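Enquirer: So you can see what is in the structure, the chains are spelled out below.
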Amino acid sequence: MATLKFIIDLFGSTILVPVVVFILALFLKVELRKAARAAINMAVGLTAFNAIVSVLLGNLGPVVTEMVEHAGVNLPALDIGWSAAAIIVYSNRMGMLFIPFGLLLNFALFLLKWTDSFQPTDIWNYYHFTFWGIIVELATGSTWLGVAAAIMGMLWSLLFADWLAPSLQTYYGYNGVTLTAYGDNVMTPWAILCKWVLNKLGLLDRIKLDPETLKEKFGFFGDPLMIGLVVGGAVTIVAKYHALGSAETWALVLKTAAITAAVMIIYPSISGLFVRGLTPISQTLNERIRRGEIKRKDFYIGIDPAVFFGEQATLATGLVLIPIFLLCAIFLPGNKVLPLADIAALPFFAAPAIAVMRGNVFGAAITLGIWLIFGLYANSDIAAIFTQAAAAVGAVPADVGSLYVTSIVVGKNPIGWLVYKAFSAPGAIRWVTIALMVGVYLVTYFLFQRNRKAWQMAAGAPEEYFQEQSAGADTL
Amino acid sequence: MLRLVVACGGGIFTTSVVSEQVSEILKKARIQHVINPAKITEIANITDADLIVVTGKFGTATRNVANIPIISGLALLTGVGSEEFAEELVSRARAIEEAKKSGNA
Chain A
1 MATLKFIIDL FGSTILVPVV VFILALFLKV ELRKAARAAI NMAVGLTAFN AIVSVLLGNL
61 GPVVTEMVEH AGVNLPALDI GWSAAAIIVY SNRMGMLFIP FGLLLNFALF LLKWTDSFQP
121 TDIWNYYHFT FWGIIVELAT GSTWLGVAAA IMGMLWSLLF ADWLAPSLQT YYGYNGVTLT
181 AYGDNVMTPW AILCKWVLNK LGLLDRIKLD PETLKEKFGF FGDPLMIGLV VGGAVTIVAK
241 YHALGSAETW ALVLKTAAIT AAVMIIYPSI SGLFVRGLTP ISQTLNERIR RGEIKRKDFY
301 IGIDPAVFFG EQATLATGLV LIPIFLLCAI FLPGNKVLPL ADIAALPFFA APAIAVMRGN
361 VFGAAITLGI WLIFGLYANS DIAAIFTQAA AAVGAVPADV GSLYVTSIVV GKNPIGWLVY
421 KAFSAPGAIR WVTIALMVGV YLVTYFLFQR NRKAWQMAAG APEEYFQEQS AGADTL
Chain B
1001 MLRLVVACGG GIFTTSVVSE QVSEILKKAR IQHVINPAKI TEIANITDAD LIVVTGKFGT
1061 ATRNVANIPI ISGLALLTGV GSEEFAEELV SRARAIEEAK KSGNA
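Top to bottom, those sequences are chains A and B.
At position 445 of the first sequence (counting the first as 1) the number is 445 in my numbering, and the numbers step up by one without a gap.
So my numbering is basically just the index in the second sequence, starting at one, shifted up by 1000.
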């Protein structure tokens, strides 16, 4: 253990994470040349990420702090985005551990037919559940509890992936895939509930929003460059409201706006470098399962939510919610989150709501809107501990004052948040809450297995899907 | 030199996966190329590219200002039909190269 700690301290996560991934890739029969190139990309991506985050926090950080302390706008938790959250998670010991261990567990659950969803092809999105494990470990000091919480998250995400798959496939027209990203598919039961209520009120049939018009009107809000300029500039103006007459203030406003926009623009390429470390693994596994190395007749391949992006209704729902979400963040009492990097990602997580609502933008916007309000509070609650996790891997400086970092995409997960609360409850209550959480999962799981078709239809899957499935099974 | 843009929702994960495979296909066919990442929302206004590949199936109907053709690279993500995609990509790339040569002459 002491040697391990010595090695971690000596090399740091920027070197260690790529090495772990490199060894794993070779083990999974990825070509040596590809594995090496992937690891190098990853190391460079991590290094570049640390540099760019320190630029963001070094410039926007003090302004946010000033806004909180002097202007009385209490939004100290800066949303640094899902890609940043992912990089922080994989730089943590548990994140590193979960790349091989989660993979193994995924295989086991799939082969034992506990689930029909094959998640290893979506290995990048492991951070969605590992994130909650990391903060449980930090809160309790117990690695085992953290691992258990992460596994709990994986189990939930596989259940939702199974539940939502037929609906997603038929709505978006992708055969054989599902959405395994936990932070997104967790919305399934909530969307079903919203659909039921809105139907009872007769609102779903009456209110129709046209995706095309919405996209045109709100498209402006989805541009990362604009988001960076607006948020960076606005925060500075508010922070310096007492000195708006001075030229220095306006110089700072422009500089901060430009820097924030620059970071938003550079983010994707840096994250792109980092994920290149993981793509050969998911690709190799994908090829192997397609070649029939893993015997299974019907299954769903886990796929990144990016492929659902761009569909009219999904995009429109996300875009229309951006200004509403920003207003909520500013005016809701008790919210501490300053949305930034994940604003542009809103259309990403509209996919489950749109699939359940079968393209009804109004229904999906209501579903997602309420969901996001919860997301603000959950993120406010976990910002402090997430910042601690980020500082532990050197992603943010240890002393950022009263500033916090968070990611809306990862934090807006009520089940994840409940798992975190259950696994880190104080003292002996913890065992009760953990038992409750496991119990609720098992009951939901077995009820789902028993009423599979009915539940999948409630999530939006049409009757024809199941007829095709059984017809397909007959010919095989 | 063939100039490609690969685009997805965030311009990150699926773009990386598809870009790597597109690059490999073109290298095998000995076609010189550069690949730039983008977001699906940006593809309507791209002007400096010969071909745009989107990772999902959405966006292929987008009207590009410079009339750059847009194709779906979903096959490279799911593995289903990836060989057919490779053939289509190579033939399209060759056609573009030919058109450029005759344009220069």
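Quick caveat, the hints were computed from the structure, so don't treat them as lab data.
Please read these numbers as outputs of a predicted model, since none were measured by experiment.
Careful, some of the hints might be misleading.
Below, a list of computed lysine-lysine pairs in the BS3-like style, where the Cα atoms sit at most 27 Å apart [as the list claims (entries may be wrong)]:
#: 1; chain 1: B; residue 1: K1028; chain 2: A; residue 2: K34
#: 2; chain 1: A; residue 1: K297; chain 2: B; residue 2: K1101
#: 3; chain 1: A; residue 1: K208; chain 2: B; residue 2: K1057
#: 4; chain 1: B; residue 1: K1057; chain 2: B; residue 2: K1028
#: 5; chain 1: B; residue 1: K1100; chain 2: B; residue 2: K1028
#: 6; chain 1: B; residue 1: K1027; chain 2: A; residue 2: K29
#: 7; chain 1: B; residue 1: K1057; chain 2: A; residue 2: K217
If you want the footprint, here are the derived chain B segments under chain A, 3+ residues with CB under 8 Å [stated by the list, open to error]:
#: 8; stretch: 1003-1011
#: 9; stretch: 1017-1031
#: 10; stretch: 1040-1054
#: 11; stretch: 1087-1101
Just so it is clear, CB atoms sit at the ideal spot from N, CA and C, and this is done for glycine as well.
Enquirer: Taking the hints in turn, state whether each one holds.
Expert: Status of the hints after comparison with the structure:
Restraint check for K1028 of chain B and K34 of chain A: satisfied, since their Cα atoms lie roughly 15 Å apart, inside the 27 Å limit. At roughly 49 Å between alpha-carbon atoms, K297 of chain A and K1101 of chain B are farther apart than 27 Å, so this suggested pair is violated. The hinted pair formed by K208 of chain A and K1057 of chain B meets the criterion: a straight-line CA distance of about 25 Å does not exceed 27 Å. Taken as a hint, the K1057 of chain B and K1028 of chain B pair is honoured in the structure, with Cα atoms around 25 Å apart against an allowance of 27 Å.
Annotation: proposed proximity of K1100 of chain B to K1028 of chain B holds, straight-line Cα distance about 21 Å (limit 27 Å). At roughly 22 Å between alpha-carbon atoms, K1027 of chain B and K29 of chain A fall within 27 Å of each other, so this suggested pair holds. With a CA separation close to 23 Å, the supplied pair K1057 of chain B and K217 of chain A stays within the 27 Å bound. Given a C-beta distance limit of less than 8 Å, the hint that chain A covers the stretch 1003-1011 of chain B holds, as 4 residues qualify and 3 suffice.
Requiring three or more residues with a Cβ within less than 8 Å of a Cβ of chain A, the coverage given for the stretch 1017-1031 of chain B holds, as 3 such residues are present. Three residues within the 8 Å Cβ limit are the bar, and the stretch 1040-1054 of chain B against chain A gives 3, so the coverage statement holds. Counting residues of the stretch 1087-1101 of chain B whose C-beta lies closer than 8 Å to any C-beta of chain A gives 0; at least three are required, and the coverage claim is violated.
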